[in-house]
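Taking the hints as your guide, dock the two standalone chains into a single complex.
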Amino acid sequence: MKVQGKVFKYGDNVDTDVIIPARYLNTSDARELAAHCMEDIDAKFASSVRPGDILVAGKNFGCGSSREHAPLAIKACGVACIIAASFARIFYRNALNIGLPILECPAASETVAAGHALSVDFDTGAIADLTNGMIFSAEPFPPFMQKLVAAGGLASYIRSQLQNPAIAPA
Amino acid sequence: MGMTMTQKILAAHAGKDEVHAGELIQAKLDMVLANDITAPVAIGEFPRFGRKDVFDRKKIALVPDHFAPNKDIKAAAQCACMRQFAREHGVENYFEVGHDCGIEHALLPEKGLVSAGDCVIGADSHTCTYGALGAFSTGVGSTDAAAGMATGEAWFKVPPAIKVVLKGAPRKWVGGKDVILHLIGLIGVDGARYQSLEFAGDGVDALSMDDRFTIANMAIEAGAKNGIFPVDATARRYLGEHGAREPVAYAADEDAVYERTVEIDLSSLKPVVAFPHLPSNVRTVDAAGDVPIDQVVIGSCTNGRISDLRIAAEAMAGRHVAPAVRCIVIPATQRVWLQAMEEGLLKTFAEAGCVVSTPTCGPCLGGHMGILAKGERCVATTNRNFVGRMGHVESEVYLASPAVAAASAVAGRIAGPATSQSNRQTF
Ligand code: SF4
Numbered sequence: 002m003k004v005q006g007k008v009f010k011y012g013d014n015v016d017t018d019v020i021i022p023a024r025y026l027n028t029s030d031a032r033e034l035a036a037h038c039m040e041d042i043d044a045k046f047a048s049s050v051r052p053g054d055i056l057v058a059g060k061n062f063g064c065g066s067s068r069e070h071a072p073l074a075i076k077a078c079g080v081a082c083i084i085a086a087s088f089a090r091i092f093y094r095n096a097l098n099i100g101l102p103i104l105e106c107p108a109a110s111e112t113v114a115a116g117h118a119l120s121v122d123f124d125t126g127a128i129a130d131l132t133n134g135m136i137f138s139a140e141p142f143p144p145f146m147q148k149l150v151a152a153g154g155l156a157s158y159i160r161s162q163l164q165n166p167a168i169a170p171a
Numbered sequence: 186m187g188m189t190m191t192q193k194i195l196a197a198h199a200g201k202d203e204v205h206a207g208e209l210i211q212a213k214l215d216m217v218l219a220n221d222i223t224a225p226v227a228i229g230e231f232p233r234f235g236r237k238d239v240f241d242r243k244k245i246a247l248v249p250d251h252f253a254p255n256k257d258i259k260a261a262a263q264c265a266c267m268r269q270f271a272r273e274h275g276v277e278n279y280f281e282v283g284h285d286c287g288i289e290h291a292l293l294p295e296k297g298l299v300s301a302g303d304c305v306i307g308a309d310s311h312t313c314t315y316g317a318l319g320a321f322s323t324g325v326g327s328t329d330a331a332a333g334m335a336t337g338e339a340w341f342k343v344p345p346a347i348k349v350v351l352k353g354a355p356r357k358w359v360g361g362k363d364v365i366l367h368l369i370g371l372i373g374v375d376g377a378r379y380q381s382l383e384f385a386g387d388g389v390d391a392l393s394m395d396d397r398f399t400i401a402n403m404a405i406e407a408g409a410k411n412g413i414f415p416v417d418a419t420a421r422r423y424l425g426e427h428g429a430r431e432p433v434a435y436a437a438d439e440d441a442v443y444e445r446t447v448e449i450d451l452s453s454l455k456p457v458v459a460f461p462h463l464p465s466n467v468r469t470v471d472a473a474g475d476v477p478i479d480q481v482v483i484g485s486c487t488n489g490r491i492s493d494l495r496i497a498a499e500a501m502a503g504r505h506v507a508p509a510v511r512c513i514v515i516p517a518t519q520r521v522w523l524q525a526m527e528e529g530l531l532k533t534f535a536e537a538g539c540v541v542s543t544p545t546c547g548p549c550l551g552g553h554m555g556i557l558a559k560g561e562r563c564v565a566t567t568n569r570n571f572v573g574r575m576g577h578v579e580s581e582v583y584l585a586s587p588a589v590a591a592a593s594a595v596a597g598r599i600a601g602p603a604t605s606q607s608n609r610q611t612f
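Protein chains in written order, with my numbering: chain L, 2 to 171; chain H, 186 to 612.
Next comes chain H alone, as it looks inside the complex (with noise of 0.2 Å):
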């Protein structure tokens, strides 16, 4: 029977040649990762496992980024345990506030520390953002990740698929999150619980990097265990600037087989919000209503790359944002930042009326730089909008593409870009 490219690149690190859905595998990583939030827990949990040492000093990333920069005495103490951890285990992989930093999922792949064929687990949700280069790998707990620094392994049962086959080309203004927020709003957050999301089609090739990064990363938010695409010339070519490993393309067999397929024309996608509290609340921005907003986020391990930012720049160039609005925008790497500097983004930004943060999760998850009060409204370009994700539990949030977020900071309210000068009507 024909194998998914999930389950091809389960079974070769699992040893075998063929694996079944369903079936329960023992398998070797190629990386383990944790951060600040989840590390300290693994942490706790390694010497339990009756190991002495790393099961790979190279195989293991520690990044701080979700309260990092230290937000308050607790979360200093969690770095510095993590911080402890990686220097006692001589960990290669711990990126230092400052040091070539930045968010997890948007740092090891920039590093090249992830290739396509690879399996990887981290202790974070979004560790499926790496599916985007051709790679299985997955988000566990802390435990799994304790497991896996100990022994280079973890356990998994092999997940049925589902296709999604996409077509055509995106317009102007649409981009990856478009894409799969659009995709959530169809199966919804459960539509993939314990699948992975397979995506082919040509619609890939009209798709950056940075769009699959965006589409893979929100596998998650539809319940499945990875989402991946296929390894062609534009993935082959981000591994190849980044300093990956050889890649190790697999390809799903001629006769995989699929519990459903979905298919998606690029062509026809409008810029999309989900509505609170879940990510499956998907409208139109042109069918939004009249949603005015206090806050912006432009950032996180979903949309926080220098394409993403250049594209809020753009949609906010020569414009302000309107006077009740707070616009932070937070590069997702150190290097983003500094590229974004080089190009001016940061000058259009700041002129625009926002503030530049370093990089962090931040606001994202509600740990600080941008918690909203009761009542309070912001457009995100984050990936959960769950009841008090961001702050207070009275507080709302709204997920969008840059585009769209840069947009509704300058508008004051939910807005698409190709308008938003004229402020009120949307595309």
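One chain only, chain L, in its complex shape (with noise of 0.2 Å):
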């Protein structure tokens, strides 16, 4: 699968506070969480942000509380994939049991600049600069998370190993 789209880009350790803030986390409405997405570290980001856009970030990225709205968040926003340097791992996993694409690609993080127009192949880890030409490679998925993306999330991947249960991780 390949998505591709315009670039924001933010720096190290960006916490799950500043993804969606505590004082919008009386709700669990995906829409609703959208709406405050990244507010207090760009506050134009939700308005401003379009179905297939990428986030690319430093290290770390999703440090901080456990909260799904999180990634639940960016997804609604429409994010296609998030590139960072490292994640932080609750925030990992999260992306992963929810669907959501993210790559590890320390190179990319650091070059790629905002605005930029990026294509992201997720089965080969391939991630394409656009605008300069430059092209990065992303750690692949082991097979195990592969199978969790590629069911679209943990719900689907334990429901699917109901019925087969050869495809467990051990």
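If you are wondering where the hints come from, they were derived from the structure by calculation, not from laboratory data.
Treat the hints with care, since some could be wrong.
As the list claims (entries may be wrong) - One-sided and incomplete, this derived list gives chain L residues near chain H with beta-carbon spacing under 7 Å:
1. Val19
2. Ser66
3. Val150
Bear in mind the structure is a predicted one, so any value in this text is a computation, not a measurement.
The beta carbon of each residue, even a glycine, is placed where N, CA and C say it ideally should be.
Dropping the structure here:
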């Protein structure tokens, strides 16, 4: 699968409190959450992001709280993919569990600039900066995680596992 | 190849003799936790797993604590959703406001719901707190919690480990909070990312159970998957006193592999404070400079236990909170609240000019009960000082121990406890 979109760029340690501030966590409605996504570091994000756009950030993206509202809000904004130098572990598993594509790629994280057009191929991990022609390659997921993403998240994966227990990670 | 304590617990719960760092496993769970923010999302997901009932009514804990007592109509709806699910599925560990309630990570150990050797997930990042009891426990998201409630299992990538060797004994006014902030200052907010922090060394003996809860609680603030302590006499006594199941003590193998070892001499530590906006921006209090403050919060799953309140009261006794400061004290559980009342601590706080709240997360996550205005500064015994964590995006949170928080409330600026009477000097 391939996606293409415009880059929104952020730095290191983007925490879940700025992705979706706790003052909005009195709802679980993804669209309501999306309206406040990234508000405390980029007040214009929610109104300017378009379906298919891509977040590029530094290291430890999604650190802090375990709130799944953070990847849910990003997904509900229409973001097609997050590329970071590294992800905090709870955010990483939450994104996989809800079927939000994420890629670790320190080189792209360092080089790709805001506003550039980016094309990402999830099957090969190839990231192409269409604005300047640069190509990067991201770490591919281990097979179990590829299955999770392919199933569209943990719930669909576990249901399919009920029918076919042979695909358990162990 | 030898295994760490965490790896041994994971192997046992995955039904394997051995696991290796990096391996993906499916493990059986002894407890699945969620709160009023994360449970509603999990409950929404639950039907998608194709199971009618929860896997075990005794092994699920649902705790209304973040926006409870209900702070507004939407929060009330979230709590109602959780309450209804608990009733429908006969979830035994649901803790209603006022009924032996409290902040989840203070409450579960207090109720004896986690024992040594357990494998626990919670839809809350500070679920790592129970590592203090020698359990493997880690924070996950709501979908994982829903899967856990439905199947009693979770997938894990077996973590490599950092060994943290503690030596000596801390001086007066130095506690668990200073130890963990010092460590995070050393290794950074992603210094233990995807790893377990395995505490060891003779210094462990010198730490009270409450100190260990504080330390394990903030393992996540170094990016760790979990933090874990050996099961010694202190842990066994605590587990026994709180009616926990018979502990299963795992110990790391002699030849366990660690990615690195960090040594901390507890006797050399001084009280510290983490400046905005990362828990790793750690300075000793005596190097904090002149930082006037508007608010102090003493509470949370990090430092809202009885020994925290005793220390704060001791640092505050006979003194008064500075006129410009609002000091909010929040016992972490109903039991802590009652004990503090019986010991006269609540009276000490009230007479010193503090307000004492019912147990709640409240201001810790910028929920309610003490939100900061633009430009305001707060010294808090909580665990995160991210941008906007406790209110306005231009407010500031400084993380510290109960001793430093209480001394700062009295001084009206960041101050150490030993000399807060004479206001401006520090240790
Ligand atoms: S007290 Fe703070 S850190 Fe602890 S569970 Fe509540 S909101 Fe989270």
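Evaluation of the provided hints:
no.	hint	in the structure
1	Val19	holds, 6 Å
2	Ser66	holds, 5 Å
3	Val150	violated, 13 Å
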